[in-house]
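Colleague: Sequence:
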Amino acid sequence: MEQRQNLTLTECYDISDSIMNEISQVLLGKTDKIRSLLTALFAGGHILIEDVPGVGKTTLASALAKATGLKCNRAQFTPDVTPSDITGFNMYNRKSDSFEYREGLAMCNILLADEINRTSPKTQSSLLEAMEEKCVTVDGVMYPLPSIFMVIATQNPSGFVGTYPLPEAQLDRFLMKISLGYPDKLSEIALIKDRRTENPLANVKCVASGEDIEEIKRYCSEVYINDAVYSYIVNLTAMTRSHRNLELGASPRASLALMKASQASAFMKKRTYVLPEDVREIFYDVVCHRLIFKQDMRFGDKNARDTINEILGGTEMPLVGVH
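Sequential numbering from 1 applies to the sequence shown in the working numbering.
Just so you know, the hints here were simulated from the structure itself, not pulled from any lab data. From a predicted model like this one, the values you see are computed outputs, not experimental measurements. Treat the hints with caution; some may be incorrect.
As the list claims (entries may be wrong) - Straight-line C-alpha distance at most 30 Å; calculated DSBU-like pairs for lysine-lysine: (1) Lys71 to Lys294; (2) Lys134 to Lys205; (3) Lys66 to Lys270; (4) Lys122 to Lys205; (5) Lys66 to Lys193; (6) Lys134 to Lys71; (7) Lys270 to Lys205.
Use the sequences and the hints to build the structure in full.
Modeller: Pasting the structure below:
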């Protein structure tokens, strides 16, 4: 990978580490989850965080926006949120005797879609174009979103009353799905101590810019992938299509997501090449939410993990040397 005029590869590594350190101040004991979030950002994808209230989902998104200097909008999804709230709308201007476009919440770098499963399917679908095409359409006119655009959606898996489960087509648009989980005892003690007199989020410094993130994304796209690793990615997704526990396996979009996420993951480990271990580590977070399990397997995270582990164990991992 060649060094670019604006930032060297080493400088990009340092910026990535700085962002990690800033976010780690407010989300204690969750380094692996912060790494997943940055992997999605650097790979140019979106992320779905499914967890119970109060574990730091919103704080994580806010800390990311503050550390990267990116514009963040928050949409608190409820049944009365409309598609125009997301995409924007045209308003008549009496002075100019014409309609003018007013930006919606999607016109930002990071859109925090809080409790996305509590709004109507019509509003959920308004995100589809934004997530996939990086633009919104209002009255037949397309408006491009910023070059850096990421949706961080949250949902509560335990509350089903008044919710609208995301359809498979929209779930497939998320590069990764993660769960933060409860902190360990020591991290929780440190957390409540830190918040006794102030909110640590106020101390998060901006250590990057949009231009820096663009540069990091370019470096990630140039991370080398051996042909054997390409084959490994496709073999893994193909295995999901014939597994006995699955009604519907992963699509080619999942293979593409695995490729991009593995490049970003390798970058964050300060490598310029992808190893099969990179693919293996992110496989669950990238693929699991894209699968449809058979009726008797749909309940319980353990069933899903056992199935993924079977697929990983049953797929030969290639031996790839250092590039």
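Colleague: So, for every hint listed, does it hold in this structure?
Modeller: Here is how each hint holds up against the structure:
For a cut-off of 30 Å, the pair hint linking Lys71 to Lys294 is broken: about 41 Å separates their Cα positions. Proposed proximity of Lys134 and Lys205 is supported: the alpha carbons are some 28 Å apart, at most 30 Å. Between Lys66 and Lys270 the alpha-carbon distance is near 23 Å, which keeps this suggested pair within the 30 Å criterion. A C-alpha spacing of about 37 Å is found between Lys122 and Lys205, which places the hinted pair above 30 Å, so the restraint is violated.
Restraint check: the Cα-Cα separation between Lys66 and Lys193 comes to about 22 Å, which is no more than 30 Å; the hinted pair holds. Between Lys134 and Lys71 the CA atoms are separated by roughly 15 Å; this keeps the pair inside 30 Å, and the hint holds. The straight-line distance between the Cα atoms of Lys270 and Lys205 is roughly 23 Å, inside the 30 Å bound, and the hint therefore holds.
Of the hints listed earlier, those the structure fails to meet are numbers 1, 4, in rising order.
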